[in-house]
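Residue numbers (the working numbering), protein chains in the order written: chain X, 1 to 363; chain D, 1 to 363; chain W, 1 to 363; chain V, 1 to 363.
Any given hint might turn out to be false.
Because identical chains share one entry, a pair is satisfied inside a single copy or across any pair of copies.
[Unchecked claim] Listed next, the in silico EDC-like pairs over lysine to aspartate or glutamate satisfying Cα-Cα at most 20 Å (straight line):
(1) Lys96 x Asp63
(2) Lys38 x Asp310
(3) Lys238 x Asp218
(4) Lys301 x Asp236
(5) Lys217 x Glu259
(6) Lys282 x Glu354
(7) Lys282 x Glu107
(8) Lys204 x Glu78
(9) Lys192 x Glu254
(10) Lys173 x Asp322
(11) Lys38 x Glu314
(12) Lys346 x Glu286
(13) Lys277 x Glu314
(14) Lys38 x Glu233
(15) Lys296 x Glu115
(16) Lys181 x Glu107
(17) Lys239 x Asp310
(18) Lys296 x Asp337
(19) Lys346 x Glu30
(20) Lys116 x Glu290
(21) Lys110 x Glu295
(22) Lys250 x Glu191
(23) Lys306 x Glu251
(24) Lys239 x Glu78
These are calculated hints, taken from the structure and not from any lab test.
4 protein chains.
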Amino acid sequence: MKSKFILSIFGIVCAISVFAQDANNIQMPELLQNQSRKTINIPDILGYQTLKCDFHMHTIFSDGIVWPTFRVNEAWNEGLDVIAITDHIEGNPSRKHVGGDNNSAFEIAKVRAREKNIILIHAGEITRSMPPGHFNALFLDDTNALNKQDWHEAFDEAKKQGAYIIWNHPGWKAQQPDTTKWWDIHTELYEKGMIHAIEVFNEKEWYPIALDWCVNKDLAFFATSDIHGIVSEMYDLKKYHRPMTLVLAKERTENAIREALFANRTIAWYGNYLAGKEEYLKAFFEAAVEVQLYEKVKKGKIYIIKNNSDVPFEMQTLEDSDFTIPANGETIVTLPDKSKSSFSVKNLFIAGTENLVVALKLK
Amino acid sequence: MKSKFILSIFGIVCAISVFAQDANNIQMPELLQNQSRKTINIPDILGYQTLKCDFHMHTIFSDGIVWPTFRVNEAWNEGLDVIAITDHIEGNPSRKHVGGDNNSAFEIAKVRAREKNIILIHAGEITRSMPPGHFNALFLDDTNALNKQDWHEAFDEAKKQGAYIIWNHPGWKAQQPDTTKWWDIHTELYEKGMIHAIEVFNEKEWYPIALDWCVNKDLAFFATSDIHGIVSEMYDLKKYHRPMTLVLAKERTENAIREALFANRTIAWYGNYLAGKEEYLKAFFEAAVEVQLYEKVKKGKIYIIKNNSDVPFEMQTLEDSDFTIPANGETIVTLPDKSKSSFSVKNLFIAGTENLVVALKLK
Amino acid sequence: MKSKFILSIFGIVCAISVFAQDANNIQMPELLQNQSRKTINIPDILGYQTLKCDFHMHTIFSDGIVWPTFRVNEAWNEGLDVIAITDHIEGNPSRKHVGGDNNSAFEIAKVRAREKNIILIHAGEITRSMPPGHFNALFLDDTNALNKQDWHEAFDEAKKQGAYIIWNHPGWKAQQPDTTKWWDIHTELYEKGMIHAIEVFNEKEWYPIALDWCVNKDLAFFATSDIHGIVSEMYDLKKYHRPMTLVLAKERTENAIREALFANRTIAWYGNYLAGKEEYLKAFFEAAVEVQLYEKVKKGKIYIIKNNSDVPFEMQTLEDSDFTIPANGETIVTLPDKSKSSFSVKNLFIAGTENLVVALKLK
Amino acid sequence: MKSKFILSIFGIVCAISVFAQDANNIQMPELLQNQSRKTINIPDILGYQTLKCDFHMHTIFSDGIVWPTFRVNEAWNEGLDVIAITDHIEGNPSRKHVGGDNNSAFEIAKVRAREKNIILIHAGEITRSMPPGHFNALFLDDTNALNKQDWHEAFDEAKKQGAYIIWNHPGWKAQQPDTTKWWDIHTELYEKGMIHAIEVFNEKEWYPIALDWCVNKDLAFFATSDIHGIVSEMYDLKKYHRPMTLVLAKERTENAIREALFANRTIAWYGNYLAGKEEYLKAFFEAAVEVQLYEKVKKGKIYIIKNNSDVPFEMQTLEDSDFTIPANGETIVTLPDKSKSSFSVKNLFIAGTENLVVALKLK
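Using the sequences and the accompanying hints, generate a full structural model.
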């Protein structure tokens with residue numbers, strides 16, 4: 001009950017909107033949170049679209065606590081492009097009162113995904129004790145077919161379906177309490193082409209040694225939420241995005257994602273850390289950062305440095321002049337003339353203990 | 001890998017904790033949100049415990065999107081004492097792949113409720129077109145028995161089980177698009193003792209006329225979330241609690257809650273509004289507010305007024321000197337000597353268009 | 001005391017950073033807020049740079065409570081390009097223990113402004129009772145010269161110095177308690193070329209009738225904070241930016257700003273509202289919004305609409321299908337084929353009671 | 001222009017509040033932040049009132065950037081009881097255009113302090129190179145008298161005025177770059193009764209070794225903000241309070257504070273850390289925490305543990321069962337029967353490297 005009319009008061013013409021406090025129904029929108037889709041600000045690089053993807057999550061069709069459509073909604077709200085629901089395959093859905101099969105979550109969610117323009121990858125999680133541990137298989141036709149007694153058969157079936165296979169949380173303490181170890185069985189799987197990528201980050205932990213494996217064995221870097229509950233309750237989304245895998249794809253389609261993954265064009269993003277190939281991290285940095293010479297002074301040069309991305313950059317120099325280029329912001333720094341022009345970016349990792357080194361270029 | 005040892009450096013003895021950035025597993029707790037139980041700061045009044053209750057919510061066993069145990073967890077995090085899961089009874093659970101029956105959500109959630117010290121009321125929602133509309137029945141033994149073709153039989157069964165029955169969202173526009181109307185059928189139910197309470201607030205809207213019904217017909221005031229999704233995503237919990245019904249109970253037990261409800265000892269709390277009997281709101285205000293004379297000045301007296309509750313109070317005077325006593329805070333106000341000592345509290349309602357009037361008493 | 005060394009433990013090589021909890025000095029950066037410059041996301045339009053400006057603020061050199069350099073720092077943190085310190089001219093600085101003159105705040109702040117790459121406009125506030133009220137004069141050489149007994153002389157001096165003159169808060173209740181009135185004296189000033197702009201928004205209030213004056217008399221639209229305290233404490237900067245005037249300038253220099261102001265190329269931005277000439281608001285909307293046809297369905301067409309700016313757009317249609325295009329986000333809407341292609345944008349004002357009307361164009 | 005009237009529409013009587021969107025002046029309170037006083041939730045202990053105090057801060061009368069009255073306002077908003085403005089004495093106020101003397105900040109602020117019920121201590125900072133470094137002198141009559149060439153004379157004068165003297169930031173790297181050293185000169189001052197307390201925390205850093213000095217030499221523990229800018233911009237007040245010194249006073253008066261300080265009844269509070277005498281921390285913990293036996297189970301006993309304070313407690317056990325009792329919240333923990341009943345509280349310090357040990361007591 002809201003109407004507009006015109007009053008003439010004191011000779012002034014006023015337009016008045018009446019917000020009626022009526023006895024029947026008063027809305028209180030001030031109690032509610034805004035639930036619209038937000039843009040993740042990440043540059044496209046090297047001629048590719050940088051797609052925001054989370055390839056590991058659960059629903060009530062295994063041990064998650066939400067209906068599959070909710071996974072699409074929360075991904076849409078957060079600005080993601082791509083998700084895979086990866087419910088545990090073996091013995092699931094086994095929850096009392098939950099029927100269906102290993103394809104059900106995908107079938108239910110795909111309608112919502114179409115409505116929300118989210119690309120939903122058909123997937124499942126091979127869930128075994130160590131070795132070999134847990135693995136996600138993406139791009140499946142029939143997840144049920146992977147539900148085998150012998151895990152070798154599950155991998156064979158995955159390969160048969162053309163799956164892309166990720167070794168999940170290799171340093172998870174429940175399975176590798178003291179170390180993050182690469183077992184002989186992983187060599188066997190790797191040599192058969194049954195490991196394409198590794199989660200260097202899972203949920204809330206990362207494994208530096210796994211970065212070295214990615215580099216040395218030419219595997220793709222993944223970061224995933226492995227969310228069972230609610231993303232917005234688990235993570236501090238005021239400060240960070242959920243962990244995700246950035247995929248450098250030729251276009252925003254499932255086929256292009258598959259092509260990009262098999263070509264290892266990924267960056268793992270968790271907290272303020274990026275982990276990936278030097279080539280990709282360098283392109284990312286250069287696309288995000290803009291440097292402008294502001295002024296020459298006695299002790300060196302003053303630069304204005306802008307960052308057009310959601311990732312801050314923590315710049316380390318040999319001199320005692322570390323600085324941060326804030327996310328979606330800028331900083332003004334004075335650098336001594338004798339400063340070497342290259343910096344170590346402390347939150348960008350190209351190997352387990354090696355940071356990206358960049359030069360600042362004037363644009 | 002964290003250890004403590006003692007180093008002697010430069011002749012100074014230092015205790016050192018080593019946080020190893022090891023290659024195997026690095027935890028990133030900074031990404032996570034704190035998920036502990038928070039205290040809701042509301043005074044106990046009139047010799048009763050003021051229990052924080054939400055008697056209306058859904059799970060995947062009707063059209064909600066979460067597993068029943070999650071409803072317990074989120075209530076515990078938010079500081080509630082009591083919840084009722086009120087999945088729609090008729091034709092549910094009808095979701096593809098979800099089996100079970102009308103008692104399943106209760107059965108699944110009660111184990112978690114016991115672990116979390118949440119009192120879980122066995123309940124269900126009678127879901128009919130208007131009239132009579134939707135009604136929650138609390139304290140059921142067997143919700144399945146209410147799944148009848150004829151709604152009269154559902155009410156009869158509820159009564160037979162000793163249920164406490166609430167008329168839900170009487171002004172919901174989907175069922176009462178233009179008004180919030182009390183139908184003859186409601187008179188019939190009321191006279192048969194089949195309506196004990198009314199939701200004066202549901203989800204994000206309230207119905208002032210329903211407050212008048214509560215007053216005139218001696219029914220209890222309820223406010224509920226009717227949550228289908230996630231409470232922390234729906235509501236702005238930085239500013240408000242979820243809508244809830246405060247129950248003045250002799251102790252924190254299911255029996256005491258039942259006794260309190262049948263005795264109409266409730267207050268509806270939604271946003272910063274309280275709605276209820278004058279007697280209860282007055283006791284609430286007086287228990288929360290402490291007034292101290294600070295200084296006499298020419299133009300009147302200066303008071304320090306403290307509020308020891310999560311509800312702010314918006315005080316209105318006849319003079320142009322309205323002020324707010326902030327939640328969990330205090331204000332300093334100068335009141336003219338000629339000021340009448342009574343104030344209208346604009347956010348406390350004892351009827352649809354009538355605010356509580358209070359006097360400030362020096363303690 | 002932080003060092004890196006390599007340990008070999010259990011045959012695994014680990015890189016370890018030691019964060020010593022030493023007895024001498026432990027830093028607690030977790031207590032602190034991040035104080036870096038943030039980017040305001042607003043499109044450049046019509047070939048101009050859209051500069052973010054606040055032309056009204058105070059320091060301890062009149063009745064503000066901060067040192068002038070702080071005004072530069074807070075503007076830099078918030079992402080502004082341009083500020084003017086406009087301390088009251090008459091009888092100021094009159095604060096006990098504060099000396100200096102009407103140029104002192106500018107002189108003190110300009111060094112910091114240079115360091116922070118903020119453009120600082122030399123200015124002052126002519127502060128008189130109504131009529132004529134308060135006016136800011138920008139681009140002064142010597143603010144002291146405006147400190148005259150007779151306000152006519154102050155305006156004459158301002159004009160002599162080539163000042164750009166804004167009528168401040170014309171509807172401020174302290175000076176115009178019942179109306180927002182244009183007095184004969186304002187006609188006189190206007191005809192002498194001594195009013196170039198009007199604050200249609202000041203601090204926390206706006207004056208729709210002043211928008212009509214801007215339109216009818218060809219004056220520039222201004223929004224300002226008139227901040228005396230701390231911007232981040234006054235405004236909810238999580239939800240909004242401080243009120244500001246967007247200036248469409250040929251480049252980011254003081255001269256270009258002067259040229260743009262005298263050419264009336266401004267947009268007033270306050271909360272989620274924009275007020276300005278139809279031409280500029282239309283260009284703003286079109287630069288920020290991107291529409292993509294997603295799918296044809298029976299009941300119409302589904303569009304994905306992105307908004308690449310910090311201003312949401314509240315779209316109103318004749319049919320019952322209002323929607324919001326969220327700031328830095330996107331929405332998916334279904335529009336009936338019969339839908340007229342033009343929308344009223346309820347938060348964009350081209351006159352006191354007239355919204356911008358736009359068409360959605362496929363890109 | 002807001003009025004109430006009664007309309008009869010469609011036969012329903014509605015009470016209507018008209019919020020006129022008038023052409024003259026529209027208020028936008030939604031842009032603003034709430035600036036009321038919040039309660040700091042800390043228990044009174046051992047028969048004393050626990051006063052919240054910050055004894056170190058600056059204004060424009062030395063190198064701060066705000067007017068003295070603002071220090072009172074921000075302290076009031078944050079819920080403090082007591083502040084001391086401690087502008088640097090030597091050569092100050094030396095800022096261009098700022099006159100006055102070393103008593104001016106106190107004189108200006110005391111009127112506002114009276115209005116806001118904040119206890120303002122007359123004070124100043126003796127600012128010397130190391131040794132002896134910086135010292136605050138509280139309870140002065142005339143700060144000017146401490147402005148001496150020779151620092152010995154400044155201390156003599158402070159003692160003559162009955163001052164309470166605190167050694168500020170003893171481990172500040174600008175003065176003690178490598179260590180936190182107690183010099184012979186400090187022994188001399190100490191033996192003359194010219195050091196009563198030490199800042200174990202200042203601004204954003206703490207000095208564990210200084211806790212040992214407090215214990216061994218029977219000095220009071222202080223934590224202070226040493227704020228020069230704006231407290232709400234410096235600190236993350238969503239998560240923490242500003243650093244402060246809790247004073248256990250017989251009443252809320254200046255005299256009682258003086259008595260308490262000379263009796264060493266203080267606790268330093270910074271972030272989530274408390275540092276102080278075992279006796280006081282133990283009383284604090286016991287007053288804040290309430291333990292209830294919930295259930296006996298096979299593997300031990302389940303307890304509900306409530307914390308009625310703004311300080312969380314991080315409980316460490318010998319077994320692998322550390323847990324946190326959240327601030328203003330509660331936790332449910334299962335403790336093995338064999339568990340020793342005493343816990344180390346990791347965020348409560350009774351010496352530089354020694355935590356408080358407590359027993360949980362059933363109430």
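Taking the hints in turn, this is what the structure says about them:
no. : hint            : in the structure
1   : Lys96 x Asp63   : both (11 Å within a copy, 18 Å between copies)
2   : Lys38 x Asp310  : both (12 Å within a copy, 11 Å between copies)
3   : Lys238 x Asp218 : neither (34 Å within a copy, 43 Å between copies)
4   : Lys301 x Asp236 : neither (37 Å within a copy, 33 Å between copies)
5   : Lys217 x Glu259 : within (19 Å within a copy, 61 Å between copies)
6   : Lys282 x Glu354 : within (13 Å within a copy, 46 Å between copies)
7   : Lys282 x Glu107 : neither (39 Å within a copy, 43 Å between copies)
8   : Lys204 x Glu78  : within (18 Å within a copy, 23 Å between copies)
9   : Lys192 x Glu254 : neither (25 Å within a copy, 61 Å between copies)
10  : Lys173 x Asp322 : between (34 Å within a copy, 18 Å between copies)
11  : Lys38 x Glu314  : between (25 Å within a copy, 16 Å between copies)
12  : Lys346 x Glu286 : within (16 Å within a copy, 39 Å between copies)
13  : Lys277 x Glu314 : within (18 Å within a copy, 40 Å between copies)
14  : Lys38 x Glu233  : both (17 Å within a copy, 14 Å between copies)
15  : Lys296 x Glu115 : between (55 Å within a copy, 12 Å between copies)
16  : Lys181 x Glu107 : neither (36 Å within a copy, 42 Å between copies)
17  : Lys239 x Asp310 : both (10 Å within a copy, 18 Å between copies)
18  : Lys296 x Asp337 : within (10 Å within a copy, 60 Å between copies)
19  : Lys346 x Glu30  : between (42 Å within a copy, 17 Å between copies)
20  : Lys116 x Glu290 : between (34 Å within a copy, 17 Å between copies)
21  : Lys110 x Glu295 : between (55 Å within a copy, 16 Å between copies)
22  : Lys250 x Glu191 : neither (28 Å within a copy, 61 Å between copies)
23  : Lys306 x Glu251 : between (28 Å within a copy, 18 Å between copies)
24  : Lys239 x Glu78  : both (13 Å within a copy, 17 Å between copies)
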